[in-house]
Amino acid sequence: MEELFTLAYTQELAVDEFDVDQETFFAAVKTASILQDWMNEVSQDKIIERYDIGPGDLHSRVEIADWLLYAFAEVGKILKYEHVREVEKLRLRIKYGVREELLPVVSLKGIGRVRARRLFDSGFDSIEKLRRATLSELISIPGIGERLAKSILEQVRHG
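The sequence shown begins at 490 in our numbering and counts up by one.
Simulated from the structure, these hints should not be mistaken for laboratory data.
Take the hints with a grain of salt, since some may be wrong.
Claimed, not checked - Below, a list of computed lysine-lysine pairs in the DSS-like style, where the Cα atoms sit at most 30 Å apart:
1) LYS639 x LYS569
2) LYS519 x LYS584
3) LYS578 x LYS566
4) LYS618 x LYS578
5) LYS598 x LYS566
6) LYS566 x LYS535
7) LYS519 x LYS535
8) LYS598 x LYS639
9) LYS618 x LYS639
10) LYS584 x LYS639
11) LYS598 x LYS535
12) LYS618 x LYS569
13) LYS578 x LYS639
Put together the whole structure using the sequences plus the hints.
Rendered as structure tokens:
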């Protein structure tokens, strides 16, 4: 994605003036790059610095993409589009700002992208592994205190 942006920015990539103006094209490429970084777990601070945007700009782009993907998935269900599941996964990845591997863990209450990554990196890459976890194992993970660890265990064991 970054190569595409660089290519477009240096005008080596022809933009058909009749289809879209350059400013609109660059804005679309920038938004796609921002969302790609967000889904690849680049920190919010790095994204803000890299693209010279504010936190609200990032949040609004994520919200708009979430809404559009939700609408697309709903229309896809009606039209029996075969790739609805992939669209729904993409929507969740954008919503939470994570790679696909974190989707099971990030769905838990109190677990965002940073804690999900820490749980995953500590070997808790599935709900089943979290069910077998002990309170002390979870508490030993940075960012997971006793209250949150108890909440996680309650969620995965009793729904």
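Legend entry - Hint numbers contradicted by this structure: Failing hints, ascending: 1, 6, 12.
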